[in-house]
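Chemist: Sequence:
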Amino acid sequence: MAVPVQSSPAAALSSGCLYHQDCFCCPFCPKEDPLVSCILKWRVRMKVIKRIGQGGFGNVDEVELENGQRLARKEFAKNQPLSAELLENVRRRFVKEVKVQSAIEHPNIVPIIQSDLKSEPPYYLMPIAQSSLDDDLRQDKTLGGRFVGAISDIVAALEELHSMQIFHRDLKPQNVLRFTEDEIDIYKISDFGLISMKESNLSELTKSGMGKGSDYYTAPEIHADLRKASARSDVYSLGCILHDMVSNEPRVPFREIKEPGEFGPILSGCTKDDPSKRFSSAKAVLDAILTVEFEPTAVLSGAPEDFLAILAAPEPPEPATWNRLADYLEGQATSQDVAATCGRLTADRIEKLCRDAPEAANRIALIFAEWVSSTAFSFELSDAVANRVELFFQSCDFEAKTECLMALLELGTSHNRWYVERKFVRLCSADMDDNLAKRLVVKFHIEGKGRVCRKIDHLEHSIDFDRKNLHPRLVKALADLCL
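Going by this note's numbering, the sequence shown opens with residue 1, and the numbers climb by one from there.
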């Protein structure tokens with residue numbers, strides 16, 4: 001039987017080192033473990049099954065371990081002519097980036113299971129993917145109409161990297177791999193060979209080392225010098241990937257994408273020549289896609305003014321307009337009107353609403369949270385919706401915050417979207433405001449055992465989460481409620 005890959009250090013240590021049962025070294029075991037010497041034997045105990053891929057500085061092979069487990073091995077390789085000095089520079093970078101990627105634990109980033117960076121050549125092991133995004137797009141560029149799900153997965157990974165001021169620099173469909181976990185397809189970014197580079201000789205490396213096809217996705221500012229990379233450089237690449245999914249037109253590398261159609265403004269906003277004029281974050285791109293998906297098909301019934309047009313206008317509404325919108329949503333609006341309006345509340349509009357009209361923001365947040373809780377969204381849209389909920393949560397009063405948390409709990413568990421579930425857990429951690437925790441406890445009791453306990457149970461099974469890591473008041477409330 002193949003040895004399962006441990007998902008985290010905690011999982012490895014709590015279940016016992018499954019690798020050690022066959023004298024294979026678990027990557028999470030303490031260095032002082034006497035069996036750590038097994039690491040030196042990994043190479044001779046691997047059998048190469050087939051070549052999976054080849055890049056400028058590495059080869060990827062499917063290998064089989066002695067216990068039957070199959071993994072992908074990426075090995076440093078000189079696949080192009082380089083000077084001895086530059087080759088050594090690239091080799092050191094390969095080693096460094098393996099260490100960087102090994103330190104990042106995120107569901108949308110390919111994990112490194114084991115590495116041997118002192119061998120010649122150095123290599124690392126990772127899970128074998130079902131496919132790459134490049135292969136999937138060749139089969140169906142819309143991924144069966146679920147392309148937004150792939151974009152959401154990529155955005156989640158970029159959000160994690162950019163939060164640490166790490167930039168990928170070589171994001172392209174070939175470096176986005178698809179895995180199946182718990183019968184759910186999930187995309188993860190890989191190939192970190194060009195991230196976080198600040199050493200010298202980067203201009204020469206750029207000209208010689210970008211893999212085949214990279215130019216088609218590379219931001220113009222880093223084509224000549226990787227040191228100019230930023231989050232907006234990865235946004236450029238993300239826009240190019242989106243273009244592959246929504247357009248039939250060819251594009252010119254290193255240029256802004258200018259096309260008509262509903263995605264035209266998004267593609268342009270991702271790929272502006274001037275990085276400062278692009279979307280500021282990957283999350284902002286996802287929010288813009290959500291707005292396209294929620295484009296209203298009818299006017300609002302009984303509205304005193306065209307609120308949808310006002311929300312879509314370049315300039316944000318005045319505070320008085322926000323108050324009139326809140327009055328309308330609380331009174332005359334039908335459920336269809338509420339859905340159309342909430343769908344037009346972009347992240348930018350929510351931020352300005354909370355800043356310019358905080359009282360109206362509290363009222364609209366309650367309506368928005370109820371809409372989220374009662375709506376069956378497509379799986380792919382859940383992340384972007386959750387990001388909008390969090391914006392209300394960050395700025396509104398305790399009543400609105402509580403409803404936003406319940407909306408996230410409902411959205412995440414009903415749609416089985418890990419990104420949303422982790423967002424709820426993060427906002428309800430031990431760092432949560434104590435008074436807000438008390439307010440949420442009251443809401444738990446109002447909702448009742450059947451609804452709350454079932455969702456918390458789901459969280460624990462879905463994202464390997466322990467309710468004991470929530471705020472202490474929530475832990476106690478759940479212990480009393482979920483007997």
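A portion of the hints provided could be inaccurate.
Claimed, not checked - Restraint ranges, calculated between C-beta atoms of paired labels, are given here: (1) 259 / 182: 16 to 22 Å; (2) 274 / 301: 24 to 30 Å; (3) 483 / 301: 44 to 50 Å; (4) 312 / 130: 37 to 43 Å; (5) 399 / 312: 46 to 52 Å.
Unchecked claim - Derived pair list, reagent style DSS-like, types lysine-lysine, alpha-carbon separation capped at 27 Å: (6) 96 / 141; (7) 99 / 118; (8) 228 / 118; (9) 228 / 96; (10) 118 / 141; (11) 277 / 258; (12) 99 / 258; (13) 118 / 96; (14) 99 / 47; (15) 141 / 99; (16) 47 / 141; (17) 141 / 78; (18) 118 / 78; (19) 78 / 99.
Derived from the structure by calculation, the hints contain no laboratory data.
From the three backbone atoms N, C-alpha and C, an ideal C-beta is built for every residue, glycine too.
Chemist: For which of the previously enumerated hints does the structure constitute a violation, in increasing order of number?
Modeler: 1, 2, 5, 6, 8, 10, 12, 15, 16, 17
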